[in-house]
Every structure is written in structure tokens, then in C-alpha cells.
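Chains as they are written, first to last, in my numbering: chain C, 1 to 250; chain A, 1001 to 1250; chain P, 2001 to 2250; chain R, 3001 to 3250; chain Z, 4001 to 4250; chain X, 5001 to 5250; chain D, 6001 to 6250; chain B, 7001 to 7250.
Hints were generated in silico from the structure; no laboratory data involved. No residue lacks a Cβ here, since even glycine has one placed at the ideal position from N, Cα and C. A few of these clues could be false.
[Unchecked claim] What follows is a list of derived Cβ distance ranges for each label pair: (1) Gly6056/D / Ser3083/R: 17 to 27 Å; (2) Gly6056/D / Met3070/R: 53 to 63 Å; (3) Pro113/C / Glu1071/A: 43 to 53 Å; (4) Gly2056/P / Ser3112/R: 25 to 35 Å; (5) Met3070/R / Gln6067/D: 39 to 49 Å; (6) Thr4248/Z / Asn6068/D: 28 to 38 Å; (7) Ser3083/R / Gly2073/P: 53 to 63 Å; (8) Glu7145/B / Pro113/C: 47 to 57 Å; (9) Gln6067/D / Lys2015/P: 43 to 53 Å; (10) Arg4148/Z / His2099/P: 33 to 43 Å; (11) Asp5092/X / Gln4091/Z: 53 to 63 Å; (12) Thr7109/B / Ile5147/X: 44 to 54 Å.
[Unchecked claim] Derived lysine to aspartate or glutamate pairs resembling EDC-like cross-links, with alpha carbons at most 16 Å apart: (13) Lys2057/P / Asp4151/Z; (14) Lys3100/R / Glu3085/R; (15) Lys2015/P / Asp6013/D; (16) Lys15/C / Asp3013/R; (17) Lys5015/X / Asp1013/A; (18) Lys5100/X / Glu5085/X; (19) Lys6057/D / Glu6085/D; (20) Lys6075/D / Glu6050/D; (21) Lys3057/R / Asp1151/A; (22) Lys100/C / Glu60/C; (23) Lys1057/A / Glu7085/B; (24) Lys7015/B / Asp4013/Z; (25) Lys3015/R / Asp13/C; (26) Lys7057/B / Glu7085/B; (27) Lys1015/A / Asp5013/X; (28) Lys1075/A / Glu1050/A; (29) Lys4075/Z / Glu4140/Z; (30) Lys4057/Z / Glu4085/Z.
So you can see what is in the structure, the chains are spelled out below.
There are 8 protein chains.
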Amino acid sequence: MNEVRDILTAVRDGKMDVEEALQELKLQPFQDLGYAKVDTHRKVRQGTAEVIYGAGKTPEQILGICQNMMENGQKTILITRLSSEAAVFLQDHIPITYHKQAKIGIVGTIPSPSGLGKILVVTGGTSDIPVAEEAALTAEVLGNEVIRLYDVGVAGIHRLLSHMEQIMSASVIIAIAGMEGALASVVGGLADCPIIAVPTSVGYGAAFQGLAALLSMLNSCASGVGVVNIDNGFGAGYLAAMINHMETRP
Amino acid sequence: MNEVRDILTAVRDGKMDVEEALQELKLQPFQDLGYAKVDTHRKVRQGTAEVIYGAGKTPEQILGICQNMMENGQKTILITRLSSEAAVFLQDHIPITYHKQAKIGIVGTIPSPSGLGKILVVTGGTSDIPVAEEAALTAEVLGNEVIRLYDVGVAGIHRLLSHMEQIMSASVIIAIAGMEGALASVVGGLADCPIIAVPTSVGYGAAFQGLAALLSMLNSCASGVGVVNIDNGFGAGYLAAMINHMETRP
Amino acid sequence: MNEVRDILTAVRDGKMDVEEALQELKLQPFQDLGYAKVDTHRKVRQGTAEVIYGAGKTPEQILGICQNMMENGQKTILITRLSSEAAVFLQDHIPITYHKQAKIGIVGTIPSPSGLGKILVVTGGTSDIPVAEEAALTAEVLGNEVIRLYDVGVAGIHRLLSHMEQIMSASVIIAIAGMEGALASVVGGLADCPIIAVPTSVGYGAAFQGLAALLSMLNSCASGVGVVNIDNGFGAGYLAAMINHMETRP
Amino acid sequence: MNEVRDILTAVRDGKMDVEEALQELKLQPFQDLGYAKVDTHRKVRQGTAEVIYGAGKTPEQILGICQNMMENGQKTILITRLSSEAAVFLQDHIPITYHKQAKIGIVGTIPSPSGLGKILVVTGGTSDIPVAEEAALTAEVLGNEVIRLYDVGVAGIHRLLSHMEQIMSASVIIAIAGMEGALASVVGGLADCPIIAVPTSVGYGAAFQGLAALLSMLNSCASGVGVVNIDNGFGAGYLAAMINHMETRP
Amino acid sequence: MNEVRDILTAVRDGKMDVEEALQELKLQPFQDLGYAKVDTHRKVRQGTAEVIYGAGKTPEQILGICQNMMENGQKTILITRLSSEAAVFLQDHIPITYHKQAKIGIVGTIPSPSGLGKILVVTGGTSDIPVAEEAALTAEVLGNEVIRLYDVGVAGIHRLLSHMEQIMSASVIIAIAGMEGALASVVGGLADCPIIAVPTSVGYGAAFQGLAALLSMLNSCASGVGVVNIDNGFGAGYLAAMINHMETRP
Amino acid sequence: MNEVRDILTAVRDGKMDVEEALQELKLQPFQDLGYAKVDTHRKVRQGTAEVIYGAGKTPEQILGICQNMMENGQKTILITRLSSEAAVFLQDHIPITYHKQAKIGIVGTIPSPSGLGKILVVTGGTSDIPVAEEAALTAEVLGNEVIRLYDVGVAGIHRLLSHMEQIMSASVIIAIAGMEGALASVVGGLADCPIIAVPTSVGYGAAFQGLAALLSMLNSCASGVGVVNIDNGFGAGYLAAMINHMETRP
Amino acid sequence: MNEVRDILTAVRDGKMDVEEALQELKLQPFQDLGYAKVDTHRKVRQGTAEVIYGAGKTPEQILGICQNMMENGQKTILITRLSSEAAVFLQDHIPITYHKQAKIGIVGTIPSPSGLGKILVVTGGTSDIPVAEEAALTAEVLGNEVIRLYDVGVAGIHRLLSHMEQIMSASVIIAIAGMEGALASVVGGLADCPIIAVPTSVGYGAAFQGLAALLSMLNSCASGVGVVNIDNGFGAGYLAAMINHMETRP
Amino acid sequence: MNEVRDILTAVRDGKMDVEEALQELKLQPFQDLGYAKVDTHRKVRQGTAEVIYGAGKTPEQILGICQNMMENGQKTILITRLSSEAAVFLQDHIPITYHKQAKIGIVGTIPSPSGLGKILVVTGGTSDIPVAEEAALTAEVLGNEVIRLYDVGVAGIHRLLSHMEQIMSASVIIAIAGMEGALASVVGGLADCPIIAVPTSVGYGAAFQGLAALLSMLNSCASGVGVVNIDNGFGAGYLAAMINHMETRP
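Using the sequences provided together with the hints, build the complete structure.
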């Protein structure tokens, strides 16, 4: 129900005077003014998945939210930072696929990929894969074709260079690395598409839980690189999905 | 000249044997193998501007680079971090427009805007404008229509909200703020397009030359936000231009 | 007993000479000089609760302190940072209500609210609720009416704006947020009452255990914001209670 | 003019239909909806001064803003972080009093003090006085009686203790200190009113431009202490003024 | 045996020629040259305790070292950072007194106190007591009379002031505090003897595991304060013992 | 198989024309161009060990890699950061020697030492030994004679000086220390060979997990010191081995 | 005049009743209670110099303070952080000796040395000398014999070792170093007297303005080391003077 | 003269008894014991240059040191961090070549190169050249052939790859980069020789004056990389020279 419309109708019908209506409008929750799009800003486009941030929620809470969404017709739900224990609990109640490494649960069907092109997810090492899978699965659930290219760190640059074809043809690249985070700069120098850089907390000592990689990526000498928080695979996958679904806005 | 072709031709003509050719190929500079696209990765698309990073270069060096580019047919050149003194020197030799606040010089004509839509540049305060202009002019030179929306910081949220129309219709938003950098999160929550967040060194005390804003933006609770280096207006303008020119890649 | 009075009486009665008295006074503990108000500075006003910081104390120690206070007529005791185990132990000996999320135990009755108006406790997310409850319960025990407004983070600004009525009518607002901590600035911009900002350690990566939110809040572009330590819900509740009980001091 | 009223009137008069009005309302700037209080949140109460942040504005810009305010009937204007040069320029055009140490300019008359009581401004050393004067003058311009108590650092605790009378009778205390910032804790322990702590950048070496004092104040073992940014005298004066003007809010 | 003397004797007796002796001397371990005092620098004066740093050593290793020392006539051994488990093991083999809070084990007898005067150990709170006990027991084992004055933090300055007699009569004061570490400055301002300041990791949030207290103490506005590492009770006790045993050196 | 040779042969034999070959070459993985040395850059010289970084790999994965290497004729394999559990698993399948302290597993035979001279591994304390053993074993596996000199920290400089002979005759020195990391400077001042400095995370409080030692070593006042990451024994051993095997390069 | 005595006398003489006297005492400034020693805590012993911290004071202010002190019979005044310009001004009015490198001015006569022994001031390099001179002159003005031993950094340990005699015979040692600050540990290991360590801001890059040296010194593996603030030569000289004048306190 | 020999001779000749000699030896400066090599540890090999650190020395001091060295037969002197002004002064008195960019002055002749091979100096950008020249000139003065390869940053990896021949044939590589410092990892992955990584303070914002590059290089995923201080070109050149002159040590 749209209460603003009700107020306007009451005014039109002489059931409410102008001053009274003015007063009422001040108190209206904003979304009633038609800012529904505000409420739905998290959707890249119509029909895509809802997202639940699983950390800090009980299995029961997550189940409740899922069931509510499903009842409201949501076809795909992405649950991030979902523990194995919670996943086991959920599997008893709803159809859910759990990706252990990425700590991601997916309820419902992954939509067939759309978008401008492919999203390439590259990592510097094998230890970065959990973050990479969070990014890749997020992008897939949001309707993107994802190419995975793991363990192509800059210490063996030929491994990266031998995949130039994929790098050159990607629509968006998510570059994920811990330690010194040099991957973002090198990939940024090779590719001519937007790069989302994700520092990871992989490393020890002066890696300072991802700080070294973060600073490195922010200072990338390559153009066209945007950085997200340490280990934030979801954020990178989401932003990449947005970019890969860019459309003309008149 | 393409030396790899020469080698292949020599092999075909029997003037060089296979082992000898193999040896030669190992030593070839990479670009000779046709990786010209590597060399040109800095171009968002054909015909756009070349960029010169002016800081740390003498006026004479900048002039030399410009003249060389112009002789090679470059129609538009963007010079960032260009001092007033260097600009005055250049104006005696080449046609250049100097934007003092942004410290940007533009040689040649700004192309008429293309791309998917408009790039919105928003700032938290008036002190952020130099960085904003660097971003805006960069985006314009790279062929984008830019809307400027300055001094709409979150301490007066109604100023920002009164421009919902522009926020909702933007193709990409560059959110620029110093101090606590909250603008990126608020804008990220309102818009449904990619946000490039630029922390600025505006502020004092615990702003720590932009560190507070940087950390704030990296931790944005809104999805779809990528961050660039402190005060890096150029990087934001460049990435936004890339995103605004996304095309289908089969 | 007031020893200073005894000394003075002895001097008056000629039982102690002046020099001797002078010497004695130097050694008197300060409170004996009537600085009893120094000793009781922790009381917001007469009759309110005593506070015990539970962390680092054994259940037996806490019990002892409580029993001592109760014997001295204390009607309400607030125990912060109280573990579940200690709470269980205490419940066997004294009437105590334990609030698990806030890790707060309350002995005795919560006084009926007084003060100038209502204290509004707002949080950015649901993960901030433990800190918020520590603040809210502290304020309630200290005799304040508290309104809770949780999970109204700035990434969905309409959620916050739809509660303008409460924000505008609050006497003091406690703004609690982790991650980028932008809530304090936005609320500070909307309200015209004092804001106590509480950064929380909620977040990961570049949140650096609350540092990002702390710096953000210290740099708030809104006026009228004071900041307390990370996760310091008690401190915020206490300060808010003080402000809400301001009285004319001639 | 209130456009929302116009729209409502048009609906009442049948000159605009409900759907059309609904569409119009979505685009209305927020203040038109009566959020004038949002716009005026910076006023502690009716009739007080407007504030201009002088840093980063040209003397001409400041003059323009002042003249505009004065034409609109503003009786008192506070200009913070105003350089001597700008002050000299302004003095040629408008009646302004310049406080060099505090870098504050005051246009118009300082209102006679109101509020619940006195604001006490204490500093640890003489080097903290510029920040203290910014706080004190801000509070005075906002209609408060201010008591100054400078150079009473904790290394000579008797200096502070000899002013117990003032400390005990203050309505709000602003405690300003650099170096180790211990003043806030000691004053917080002595007083029973809210304390606004201001770390200053006074000190050298491991003071790290105010970081030591900032951390010290955030960790104050005394209750009832809120902290503002390093060197932020204005913020402290403003918040203290707010607290000193607390009124019953039903 | 002194090998240098042997060499010299051999030279004197003509059994070794000068060049040969010169060569030998280059290879002599330094202590053989009589730098025995180098080797024994850890002794404050003849007859005092040996110290074993227990962390990172197995119970068996500690036992071995103790037995070796005891066989060599050592009367008192101080073992710091000794775990409860290791203490239990040791108690089966050698006479040892274990102080659980301080994690200190003492083998043998504590010497009767000597030195210039008393060492006063003060703490800000009760949570600082483990560090304080490490300091106090270290000083006692090294032959000092120790006065303990715990939980006299600056938030209740009268508690500290009521012990002026002890503060004024101490020979050396060890000031131990976490959180904001203001105790060192206040005590330093009251006393006229050397102060050893020990920051502790007590606190949370912006205490950053003792960093706030450390910076605070290093920036103490009081003269005569030396700082040791965070939680380094042993170091403070040792340095205080040294100072309390100062003797004339001609 | 070398695909580049195949292409060249096809060109020579007229089975592929030049343009077609040119196109093919662009897509060739780099190592096919003969950059095999790129691929083998991790080998100090022919015949030495392969290295597996054990952290973050499952025992099964490590086993698989080992078996693959062994089938390809690898005689010696060094596994770093290998957990006890993984070592136990591996011992059931392949001949492996496990060094628990260093967390290093060695498959196959350690080659007899070669190189220019000896590598001296010195540590400041006994707690640094795990890192030292990682360095020493790495160097040994890579064909170097290693001298161990442990617990010769600078607080007892005579211990270090009594080993001048070894210090002066070393080919490369690996100086390993936590806490204040002064060992690198002192050894660097004594020796006339390259020093590899390894800060360790040994220490507490202001050691900040190795940061103090790291900064100390980077600022060494001695010349000829290169630093590796905190606790990076492997990196130091590897670099030392490289330096100890320097050969004439024409 | 002692007001407390007056009050007591009035009570004794029956001119003031007990309650009235009690009230009066509450308001007495503390020093009137005989806490004169509090006021004079900055004096190491009777008759020594007063200290003025020159930074942030105008030449006129310094002159005024000096003249006031001199009129009150002060024989020696130490002015630290005194600029050349201020010194030139002072020289026109009072007899003052200015030490440019140390930025120290001394008014009056330096007392002949007393104390237990000699204070040894050692520096790592020549760039540390300004801080060293501040320490040395401070100690001399406070009545100590000072031995200077400069540029004996640990990179050439023999330079330090060749002065073992002086190190062993010192009463207190002030160890001053920038860069890696290793000097404190090495000296602490050689000497058997208290060491005051002073980190300096000498160095560049990762020296971080003295932070590296500060952390290094706090983590010294030698016992008996206390640290003061970066570049705080005065603080070290003062503390050393205190220690060198230790006396029996019954 | 060797005083130890004199003592031994006196003992042999019966002119000094053993106890007396023992006493004398304790006081001998260490170098007299033949540790002359300690004193000359700064020489890579006989005949090379002496080094003067010019920063913080007056032109007159530098001149004095140079003249003294020249009188003692020193053929080549390297002066680092030499200002233009000092260089101009020196040129009036001694034959000196000044390299302005590197701030290096060279007195005398540069020796003809020796060593195992060539030292390759690579930089990420043109702004890194001053540091690179400091490194290159240092290495040349110390008798090494140096190849310069500037502005081959990783954002254009082909530039680096086109110089594989030089990278593969280098004896030691000095990799110099600011911003994200990724160059060290990429070069370390390509080369099979020791890499000395030098972070520079080039960059802005989150480069934090070289911290980003420093952390990046310390975390290099390539093996065989040692890091020196930020901007420490001299240190890198010196260490590289040492490594390039490695010789067999029996």
C-alpha cells in the first residue's frame, strides 16, 4: 500500500486539509514516497539473487530469512561467510548447495550467465583461492560467466603471460593476491578492462594480515584499478557483476 | 618493422634453420611478437587521449613528449599534476588549456562525450574540489559527460538527497571525500551503479592525511564500491571512463 | 568519622598545638578534608546505581563487592563485562538479572526514568547490538528512558530517515557503528542534540578491529559529536546519562 | 516558499491529479517537505551564531558569506581557522574582532551568556592555549559563560587541585592537553560533570602529532569523558555549548 | 683457569714466542682476558640472585639450569614467566616457591633487604597487579624492601594523594598502568625520586595492547621518568633494584 | 614437446605460411619459446632441491607433488612450514626426514656441500632457533656447509666476540634476532661478508610481533646488510645459498 | 605566609569555630597545607638549577621568567630548546651562555659536580650529538661530572669496546642513538649500572623519525635499561642526575 | 705500532711480569689485538674507495676528512648525500666530480670494473632514478660494471621482458621502485641471481613515503630477494658490490 497516495487522495477528496497533509508527509517513512528503488539498490538488475551476510547470524536466523525470501518468490539466495555447521543445519530444511572453501551457500538455481562478457578471476597463489571462490560464486549467482585462473603469481610471470588470451578478452578482471599484492599492477598493465583488486590476508610477518597487499594495490602504477577491503571476495564479485552488466542510461 | 615476421620469412625461404630461428625468438623483445595491444593498454578505446604524469618532469621534458605525440597524430593530450609554472612555459609553445585547481593541462580538443551514460562526481566538501576536478576533467578528456555535484557531505544529508534524480540516473559515480569519508557509503547505499571512492587528504589531526577516509571507504557497508589511492582523482576518472565505455566482449 | 574535625577540636580545646596539628593535616587522607564529593564523583546524582567492572574479577570477588554494597544500602548495582559463568554463580547468591548479549548483570531494581528526555541508541548493524545493549542498559540503570533503533546503517539511508521523528526528539543520541563508522556523521547531521559516537570492532580486514570506525568518528564533519573508546558501550551510556541529567549550576 | 504545500493545494483544488502529485513529490528537494530543522541543525538554539570554517576559503569568499548572512539578519558570526591576512582584509569591510592566537574572527556581538552553568576550559600547558581559546571563544559566541584555567598539567597536580572549587561547580569541562593527555583522566576523576577531552598536537617524538594524547584520552579510566579530534577546539566548544543548553524534551 | 695468564707465562718462560702468542690472543674468548665483569653484568651486586627467563624453555631445561646453578653455590634463583605446569614439575625436584599471579618461581631464600631505601610499586588498577607482582618480587629477590600500593589510578586521585607519605619517602617508584597510563605522569609530578614507568596491556579497543599507555608514558610531562617495555615487570624491578643500590664510584 | 619448434618446422616445410605462424606465436605459452630458464629460476644451480611451501596444502596435496617430482627424477625435495601431522602422514608413503623445530621435511638426500665457503647462521637467543633451523636446513639442502652459532645476542657481546674467527671466515652470514634486532648491526660491523638479516617475532609488548626487529634491521648502521621478511628463515637460507654459489658470469 | 597555620591559630585562639575552620580548609589551595615539597619536586636537591622549557615561549617571556627567578635568588637557570634568536635577545639583558648545538642556554654558574660518580654520555653517531649535548649540559647544570663518548656506534663495535674502562666505571650511562638504536642493548650488556636510553630522530626511510630506535630500545635484551622520549636529551640528563644523586632514605 | 706485541715482548724480556701484563691487556683498545680487519670491514677488498656519509656534515668537515684520506694515500673517495652547495665548495679545493641527481661526489678515479659479472640496476619509474644513480655510482666506485635499465615498471611488463637478456646475464640485480614496489617480485621471478630490493619514497597518499613499497618488497613471493631501507641506494650498491666480488673462502 502506498500511504502517500492515500494522503493525496484524502486531500483531493477534501477529507484532509493541506496543513494536516503537510504534517503527515513529514512523518512518512521515505520508501512510501516512492523511493522503492532506494530499497532495492542492492539488486544489480531485476530478478537476481538476494544476499545474506551469514557471519554473526544464527543458523535459525538465516533459515528464517531464507524461508521468508523464498515465500516472497525469491528464486536465488546467496549466503556469504556461512559456517559448515550452519550449512549442515540449513541442508535439513531447504535445498542449499554449500561451497566449503568459499564459505558460500546458494539456495535455488544459479541463473544462466548474461552480461557484456566474462569475468576473469585471477589469484597469485593457491592460498588465495577461498577469497577467489567467494568472488567467483558471487559473480556467478549474479548472472555472470566466470573464468578462473588461479596460482599465476608474479614470481613466475610466464604463468600469467601464457594466459594473455583470457586476460585480453575479459570484460572485468578480479585480481586477488596476498603477500606483496603485485598481481594487480601486473594484470592492470596487461589488460585493457577494469580491474577489481582484492588484497588477501595470506602471508606472515610484514604482510600484517593483508596490509602490505592492500597498500600495494592502492598504489598500483597501472591505471584502471579499484580496490576493495582485505579478503572481500563478495564485494569484488558484486562490483564486477555490476560493471559487467552496464547498460546505456539515457 | 616486425622482426618475428622477418625470422619466419627467413625460415620459410630456407635462409635460417629451425634451431637458429628458435634461438633468435628467445631474444626477441615481446612487442615484436605482436603484443602491440599490451603497449596500448592505456587507451580506453581508439582515438582517446594520451596521458602524461606531469609531476617530476621538467617543462622541457613535457613539451618534448607533447610535441612528439602531436607529430604522431595524437589529437588530445591530458597532463596531470602540472604546475602553474610548467603550464605557463608550455603555453608559449603549444595550444594548451590549464585548469589551475585540478593542476591539469589539456592539449588539443576534448572529444564530444560518448559512453553508456553520465559520470557523476560528488564531493563531501569544497576542499575536495581540486581532486574532483582532476577526476572530472580526466573523464571528460576520455570522452564522457560529467555531472559535478560538490559540497554535499553527509553532515547535511538533505543536500545529497535533494539530488536523488542525478544519483539514480548516473552511469558511474565518483565519490570524493576527506575527513571521515562517509560519503562513499551513503552514496553507495543510494545509487545502483558502480561507485569509485576517492579518499582525500583534506582534514587535520586524526584524519592522518587521508588515512581515516581511506579506511572508512574500504570498509564501506555498501556494496559496489571500489577505492583508489588518496587524492587520486585521475585514477578515479580513468576507471570511471573505462566502466562508462563497457562494450560487449564476445 | 571526620578526623579533620577531631584535629580542629583538639586544637580548640588546647589538647594539640598548632604546629602538631599542621603536621597531622599534611598526612590526612584527602577525603577526610571533606572532599567526599571527590569520592562520589562516579554518581550521576544521588541514589543511582553503583558500577562494577566485571572483567578480570573472580565471581567470588564480584559477589563480595555486591554484598558489601547491598549491606550499605545500595539499591541498584550494574556489573559490566560479566561472563555467563560468573552470572550463573552470582544467581545462586543474590537476585541478579543477566543480559547475555550485553554481558551486563543488574542487581536490584532499575529506577524509573528521570532526566530531560530520551536517550536514543542507534546502531549501524545487528552485529553492533551487544555494544548497544551495554550502552542502553547502562543508561536505563542510571535512570534514563532509552529508545533503541538498531540496524539503520547508512548504506540504506532511508531506514534511518524514516525515524526522523525519534532522532529529532531525542535528548542525547548514542551512535554505534563498526566498519566505516559513517553513522555518527549522518546522525550528527540530522539531529540537534549531543551525539556520543561509539566505534565497534565489527568488521574485518582494513577495519583493523575498530580503528577505521574510530578514525572516521573522530573526523566527523558534523558538529556536536564526542567519541568514546572502541566497543565502550558503558562509557557512552554513562556520559549520555550525565548529559540527560544536566541541571542548573549557579 | 513551500512547494509541497503548493502541490497539496493544487491537488485539493483539483488542478493536479493524485498520480501527477505523487510523481512530483518524489523529486522534491527534502527541505521542501518541512525538514527545515534538518537545515538548521547546526544551531544550538534560536538566535545563536552562524559558523564559517575559514580554512581553505579565500578572504573574498568569507566576506561574501558574511555579508550574505548579515543581510539575512544574522547578528553574530563565528569564523574559525581564519588567517591573519584574511582577518586584515575583512576588517576593511565589516566590523570584526580577530583573536590571533585562536585564529578566530567574530562578527557582531557576543550574546550575553545563558545556559545551565559555566563551561570550564582547562589546559595542561601554555602551548595548548591556542586550541583552548578556539574552544572558549566558540562557547562564548554560542552564549556560554566560560572560565579559563590554563597550565594546570598533571605533573604538578596541586595546581589543578587548588582549583577544586571551579572544577566542582562547572557545568561542562573541556580538558585540553598534548603530550600524554593525562589531564582528561585526572579531571574526569575529580569532576562530576561531562568532560570533553581535546588532544592537541603539542609535543615531539613519540607524541606523534597528538596521537599519544588521543589514545590516552580515549582510554581514560574516568567515566563521563567524550573525545573530539586532535586540536579540534571548535568541536569541543560547540559540543560543550550544546550540553550546557540542555533542556527538557518531552 | 685463565688462559691469557697461561699464554703470558709461556712467553715469559720462553716456551712460546711473541708472534705465536699474538696469534693465540686473537682467538681467545674475551672473558679470558679478564672481562669477567662483562660476564657478570647481570648481577646488581655480589651474592644476589641469578635470573632465568622461563618462557620458551621446557620444565626439564629449567630444572637443569637450576640444578647447575645450585651446584655452583647459587643461593637464590629467580625464574620469570614460569607457567603453572612447569612450576608443578619443578616442585617435585627442587625447593621452589611459586607466585601464580606474577608467574614467578623463586628457588632458595630471599635475601634480607638492603639498599638506599624502599621501592614503591604503584598500579592504576587491579588488573595491573600481575605485572606489579613480577616487578615487586624481582626487586625483593634482588634485595630490596618493597611497598605495594595497588589500584590507585588517577581517576580517583584522592586515593593516590592519601598515600603522599609513602610516595615522598620512596627511594624509587615503579608506576604501572594500562589504559591511558596517566599514573606515571601524576606520580612523577608528586615524587622527587626516579620513576620507572611500566605500561601494561590492560585495556581494550584503542588501548591497542598497551600502545596507548606506552606512548602516554614516553610523553610524560613530568621529569625523572624512564619507561620499560609493555608488561615488563621484571625489567622495572631490576632497574629499580640497580638504582636503589647505587654506590659511590670514584 | 616444443611447440615453437613445430611451428618453425611447419613454416620451413611450407605447411604453414608466415602470417599464420605469426598469429600462432602470439598465442604460445611463454615457456614454449624456450624461456625454460624462467621456469627454473628457483634453482640455484643444476641438480639442487625443489622446494614445496607446505603451509595451506593438505598432506595429500604435498604427497602428490612429491611423488610427481620424484618420478621426474628429483633427488632432493625441501618442504617448508610442514606440520607434524602432515609429516606423519608423509612418512607412511615416502622416505622423509622431519625436523620438528624448523617444521621442515626433507625428501631424499642432502647433497654434499659446495659453494665458495661456509654460511654462518647466528641467533640472538634460543627462541630464534626455529627460524634459524629453517634457514640452516634450507642452505644445507641447497648444497652449503652451514655453521650454527646460537644464542649470542648483543646483551652479552663477549659471547659474539669470542667467535670472531668464525665470523671473519664466513662466506655469508645469516643474522637472526627478535626483540630489538641489534644483532644484525653488530655482526654487520664485525664481518666483511654479506649479511642476511632475519627479524623474528620473538618478544612481547612493543616488539609488535617482529616489527621492532624489522625496523631495527632495515636501519642498520652497518653496510652490507639485506633484510628478509619476519620469521622468513627459508628466504634467508635461499638467498645465502645463492650468494655462496656466485660464479663468474661473462 | 601559611594560611593553614593561620586558621589553626584562629581556632586555638577561639576566633574561629571548628565548623567554620573545616569549611575553610576545604577551599585552601593545596600547597598551603605544607605540600611545598610537591611544588619543588623538580629539584633534584637543594640549591640546583631551575629549568625553563624554551620552545613556544617568546624571548620576552623567557626573559621575564629568568629575571623573576634571579630576583628570588636562583643562582643557575637552564633553558632548553632555546632558539638562536631568543638567545641573542637574552644576551642583551642577562648573563647567559648559549650552546647552539644543544639549543641550551645557561644563566648563572654551573655548580661544581657532586653525586655518586660520573655520568657517561655515549652516542652512536655524530648526528646524535645535539641530543647528547642537551643531556650532558643538563646533567652538568644539575651538578654532575659528565664524560662524553661520541660516535661509537655498534657498526664498529671495537670503538665502543676500546672504552670499556669508562663504561665500567660510570655511575649512570646515557645511551643515545638513532637509526636502529642498537647502542642501548650493547652498552646495557657491557655495563653494570643503570642505562638511560634516548632514541633520536636521526635516520631516514624506515627509521620513521625515531620510531625504529624507540622500539628497538624498549625491546632491549639487556636488563637495566629505561627509555625516554625520542630526542629527549633533557629528560635523560635529568633522570641520570637524579640517579647519580641517590641518597639513603630511611 | 702494535702495543700487544710490545707487551708480549716486554714479558718475554722479563721487563714486565705476568700479572702486570694481564692488567695491561684488559685495557688495550681492541684493534691492538690485531683485529685490524674489524677496523677495515667497510672495504669490500683492498684498494677500493672510502665512503663519507655527507648528510649532517659541514662542507669544511667533509673537506677535512677528504684531505686527510688523500694524504693517507686513498685514491678514490665516495661522498653520499652531498648537497650541491657543499659540492661547489669542495670543487674549489679538491678534484671532485659531482653527480647532482644522485647527490654523490667522487674524488679521484673510478677503478676499472672487476668482479664476477655485471650489476643490473632497474627502476620502476623515472622518479626512482636519483636512488638508482646513488646505487649505480656506488657500485661503480667499488669496482663493478653497472648496467642501467630505468623506467621498466610492471604496469608495462613488456618493457621489462624485452630486456630478458640483461636480466638473465646479470650477476646481481638492484630492483628499485616506489609506489607498490612490485618490480622486485617480478624481477625476482625472472632472474636467477640475488636481487637487492630498494623501496623508494616515490608516490603519494597510501604510499606513505615508501612504506607501501617496503612492505611489498619484504613480502615478495619470489625467492632470493633481500631488502634495504627506503631510498637507500648506497646500501644496495654496497651490498651488490660485495656479492659481485664473492671469492672462495677456504
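Taking the hints in turn, this is what the structure says about them:
1. Gly6056/D / Ser3083/R: 17 to 27 Å: holds (20 Å)
2. Gly6056/D / Met3070/R: 53 to 63 Å: Violated, at about 37 Å.
3. Pro113/C / Glu1071/A: 43 to 53 Å: holds (46 Å)
4. Gly2056/P / Ser3112/R: 25 to 35 Å: Given a distance of about 50 Å, which is not inside 25 to 35 Å, the answer is violated.
5. Met3070/R / Gln6067/D: 39 to 49 Å: holds (47 Å)
6. Thr4248/Z / Asn6068/D: 28 to 38 Å: With Cβ atoms ~37 Å apart, the hint holds.
7. Ser3083/R / Gly2073/P: 53 to 63 Å: 59 Å Cβ-Cβ, so the 53 to 63 Å window holds.
8. Glu7145/B / Pro113/C: 47 to 57 Å: holds (56 Å)
9. Gln6067/D / Lys2015/P: 43 to 53 Å: holds (48 Å)
10. Arg4148/Z / His2099/P: 33 to 43 Å: Since the Cβ atoms of Arg4148/Z and His2099/P sit about 36 Å apart, the hinted range of 33 to 43 Å holds.
11. Asp5092/X / Gln4091/Z: 53 to 63 Å: violated (41 Å)
12. Thr7109/B / Ile5147/X: 44 to 54 Å: Given range 44 to 54 Å: violated, Cβ gap about 39 Å.
13. Lys2057/P / Asp4151/Z: Roughly 13 Å between the alpha carbons, so the hint for Lys2057/P and Asp4151/Z holds.
14. Lys3100/R / Glu3085/R: holds (11 Å)
15. Lys2015/P / Asp6013/D: With a Cα-Cα distance of about 13 Å, the restraint between Lys2015/P and Asp6013/D holds, given a limit of 16 Å.
16. Lys15/C / Asp3013/R: holds (13 Å)
17. Lys5015/X / Asp1013/A: holds (13 Å)
18. Lys5100/X / Glu5085/X: Distance ~11 Å between Lys5100/X and Glu5085/X Cα, so the pair holds.
19. Lys6057/D / Glu6085/D: Within the cut-off at roughly 12 Å; holds.
20. Lys6075/D / Glu6050/D: holds (9 Å)
21. Lys3057/R / Asp1151/A: holds (13 Å)
22. Lys100/C / Glu60/C: At roughly 19 Å apart (the allowed maximum being 16 Å), Glu60/C and Lys100/C break the hint.
23. Lys1057/A / Glu7085/B: Judged against 16 Å, a Cα distance of about 23 Å means the pair is violated.
24. Lys7015/B / Asp4013/Z: Given that 16 Å is the threshold and the Cα spacing comes to 13 Å, the pair holds.
25. Lys3015/R / Asp13/C: holds (13 Å)
26. Lys7057/B / Glu7085/B: Holds - the C-alpha atoms of Glu7085/B and Lys7057/B are around 12 Å apart, at most 16 Å.
27. Lys1015/A / Asp5013/X: holds (13 Å)
28. Lys1075/A / Glu1050/A: Given pair Lys1075/A, Glu1050/A holds - Cα atoms ~9 Å apart, limit 16 Å.
29. Lys4075/Z / Glu4140/Z: holds (14 Å)
30. Lys4057/Z / Glu4085/Z: holds (12 Å)
Figure legend: structure checked against the earlier numbered hints; hints not met, in rising order: 2, 4, 11, 12, 22, 23.
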